[in-house]
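Participant: Residues per chain are reported as follows:
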Amino acid sequence: MSTPADIIKIAKISQYLSQNDIENKGLYGGGTDLLLPQKIYNIRKSVEWANSYNQPIELNLDSTSNYLNALCGKYGLEANYLISPGGSVSFVTSPLSTPNPIEFIISGSSLIANGGSSVIISSFIGFNLLFIRNGISQSSIDNGGSYFTWNKGTGTFTCYPAATTDELFQLYPFI
Amino acid sequence: MAFAQDFTTSQTVGLPSYISITDTSTGTPSATIASRRVYFITANATYLVQEGTITDYETWAYSAASKSFNVLDKDYALYVKVQWLDSSNVVLYEKTSLIGYTLYNESFDYQMTQRLTGNPLLINDDSFFEYKSELRVSIDSGDQAISLASNIYNAQQAYDRATKLRVNSQYYFNTNN
Chain A
67 MSTPADIIKI AKISQYLSQN DIENKGLYGG GTDLLLPQKI YNIRKSVEWA NSYNQPIELN
127 LDSTSNYLNA LCGKYGLEAN YLISPGGSVS FVTSPLSTPN PIEFIISGSS LIANGGSSVI
187 ISSFIGFNLL FIRNGISQSS IDNGGSYFTW NKGTGTFTCY PAATTDELFQ LYPFI
Chain B
105 MAFAQDFTTS QTVGLPSYIS ITDTSTGTPS ATIASRRVYF ITANATYLVQ EGTITDYETW
165 AYSAASKSFN VLDKDYALYV KVQWLDSSNV VLYEKTSLIG YTLYNESFDY QMTQRLTGNP
225 LLINDDSFFE YKSELRVSID SGDQAISLAS NIYNAQQAYD RATKLRVNSQ YYFNTNN
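Protein chains in written order, with the numbering used here: chain A, 67 to 241; chain B, 105 to 281.
What the hints contain is simulated information worked out from the structure, not anything from laboratory work.
Glycine included, C-beta positions come from ideal geometry on N, C-alpha and C.
There may be inaccurate statements among the hints.
What the simulated footprint calls covered on chain B by chain A, stretch by stretch (three residues with Cβ under 8 Å from a Cβ of chain A suffice, anywhere in the stretch; the number is not a length) [said to hold, decoys possible]: (1) 127-139; (2) 161-173.
Calculated cross-link-like contacts (lysine to aspartate or glutamate; reagent style EDC-like; alpha-carbon spacing at most 20 Å) [as the list claims (entries may be wrong)]: (3) Lys-78(A) / Asp-244(B); (4) Lys-111(A) / Glu-234(B); (5) Lys-185(B) / Asp-229(B).
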């Protein structure tokens, strides 16, 4: 359950989300209340003032902050998605920013050289990895054949067995 | 360490007429401080004092770190001047701050918000939100006149606009809903 402090943050974000949405939708704001951003601002300032005092019960803060949350409506849901519990803006990965795949043929000078098995691909950090070796997609489970390991936190890729000359490696990052 | 005179003020919800002052000075005074005086100076250059006080100032014993003064009958922008005196009432140190006291109108604005929680559709009432907005803008304007321009006259004018809405609320806010 959101605290009054969380709802205040949500309202601050909902204010500009709603105002921009109304502007983008043109005539009559696409049916959205044209005064909604002002209403959110007005009620948020009031709740924020009450929240600055440490008297939540006397000031009935739960009711007023819940009202503010309801006033934010769908913009509140979007705002809630944008903030983390700590209050900072979460990193949201956009599909448009997914790195390009890497393809290469093993040689003495390729990304993984002949006889090598490991490389750090820093541009793939944070993504999952699909590894295709010689046209066959690989598993990260060691079942006795070839497989690979991928640490999305450090970007460390390791293949088993080691690479040999003329093998085709295709590495595809995905969310 | 040299004496650095300073103070803070605050208000308590439910007691809008009171101003609480706390001495936050640091260091050692060059002479013995015996007492303090506090002046609450309005935009009209009048002094606010408690009922029964015949001077322009309130006394504040040096032994007390904090003291509350019942001086407000509405929201004010005030120059608060604190003097630190020796036993002969010679001013040793002095500090003045311009401060906005908005508890009357902030409390009223919050009451209007609370009223909305009981009747959410009230916000769509033509005059209700229009005047609630004016109330909010007036309080904010007063605060900004102080924080951005240290302008007591414009601040008081803005606070008085909010006060007008508060004391005449039966004409501006649909209280029957």
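Participant: So, for every hint listed, does it hold in this structure?
Facilitator: For each hint, the structure was consulted:
Using a Cβ-Cβ cut-off of 8 Å, 0 residues of the stretch 127-139 of chain B lie near chain A, which falls short of the minimum of three, so the contact claim is violated. A stretch counts as covered by a chain when three or more of its residues have a beta carbon under 8 Å from one of that chain; for the stretch 161-173 of chain B and chain A the count is 0, and the coverage is violated. The hinted pair formed by Lys-78(A) and Asp-244(B) meets the criterion: a straight-line CA distance of about 16 Å does not exceed 20 Å. A threshold of 20 Å between alpha carbons decides the hint, and for Lys-111(A) with Glu-234(B) the separation of about 15 Å falls inside it, so the pair holds.
A C-alpha spacing of about 44 Å is found between Lys-185(B) and Asp-229(B), which places the hinted pair above 20 Å, so the restraint is violated.
Checked against the numbered hints above, the structure breaks hints 1, 2, 5 and satisfies the rest.
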